[in-house]
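J.: Sequence:
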Amino acid sequence: MSDIDDIRARCSRLGFGCASYWAKTVFPRQRAIGLVHDAVELGITVFDTGPMYAAGEAERRLGAALGAHRRDPLVIMSKAGEPASAHAPKDFSPAAIEHSARASLGRLGIEHLDVLWLHGCPRSEWNDGLRRGLEQLKSLGLARLVGLNTFDADDIAAAIDEPMFDALMFDINLLRPENAMAAERAAARGKLVFSAAALARAPWNRHWWGIRAPSDVWYWLRANAVREKSVRVGEGGAAKPESAAHALTWVLDQAAVTCALVNTTRHAHLRENVACMRAQVRGSD
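First residue of the sequence shown: 17, per our numbering; consecutive thereafter.
Worth flagging that the hints you see were computed from the coordinates, not collected in a lab. Cβ atoms here follow ideal geometry from the backbone N, Cα and C, with glycine treated the same way.
Here are the simulated lysine to any residue pairs, SDA-like style, with alpha carbons at most 25 Å apart:
(1) Lys40 to Ala212
(2) Lys154 to Gly122
(3) Lys106 to Asp168
(4) Lys154 to Arg139
(5) Lys106 to Thr41
(6) Lys106 to Glu141
For each label pair, taking beta carbons as the anchor points, the in silico distance ranges come out as:
(7) Met197 to Ala261: 17 to 27 Å
(8) Arg118 to Asn143: 21 to 31 Å
(9) Glu141 to Ser259: 35 to 45 Å
(10) Glu151 to Gly122: 19 to 29 Å
(11) Pro44 to Asp144: 38 to 48 Å
(12) Pro105 to Asp144: 20 to 30 Å
Let the hints inform the model, and build the full structure from the sequences given.
T.: Here you go:
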């Protein structure tokens with residue numbers, strides 16, 4: 017079995033994003049780790065993180081949780097190109113990518129990544145040197161697959177036909193329904209497709225009276241920023257999301273999407289998201 021087919025078979029339809037408020041030091045470390053434990057117990061196998069989230073703390077938290085679980089069933093993904101230091105520039109040179117991958121593995125406490133994402137790598141960086149560097153990275157056993165994480169429509173379209181990318185991660189959600197077609201084209205090329213921002217950053221969670229914790233304030237502000245920028249719902253005739261369950265179910269209904277990534281700081285929300293995943297699986301049987 018190829019690496020792509022093996023990882024595809026191990027991917028749960030729902031993945032846990034180890035980033036955002038979950039990674040910040042103001043959110044208790046043990047609560048963050050506990051959410052990972054719960055996610056594994058609920059059947060989630062995909063965990064996505066990166067060195068740029070809380071200056072590496074996201075990877076350290078995920079790594080602390082991974083020690084309690086078997087590695088083989090899990091799909092662990094991290095990123096390169098944007099370093100842990102907020103003051104360092106992006107660097108997509110092969111040497112920088114390898115250094116980033118090794119540092120991520122150290123923080124995670126694992127021997128290899130299932131997917132290493134180039135985070136926002138523009139087409140101007142796609143050259144033969146990068147292609148050789150990524151192949152070397154895989155031959156060294158640092159990463160089994162390499163993917164592109166981008167929200168640029170032109171880069172998404174170009175990456176579909178770019179052989180060096182085994183996987184793509186971009187925004188496939190009810191606010192960007194047109195991206196479902198790009199997902200279908202990528203899947204038809206044999207690539208794994210991950211939906212970032214599967215809940216469209218929850219623009220329907222706008223009511224101040226729902227705020228019960230500091231993390232709610234953080235997500236509420238993000239949701240309002242997204243709503244202000246998203247006057248249109250998107251092309252393709254998708255309905256306006258009425259709830260997180262509605263939005264997530266729409267993404268899970270896209271057969272081309274290998275895995276929909278979400279993040280949360282609440283166990284109740286995690287269970288609600290898993291319930292959507294299980295309902296979708298039952299409905300497709």
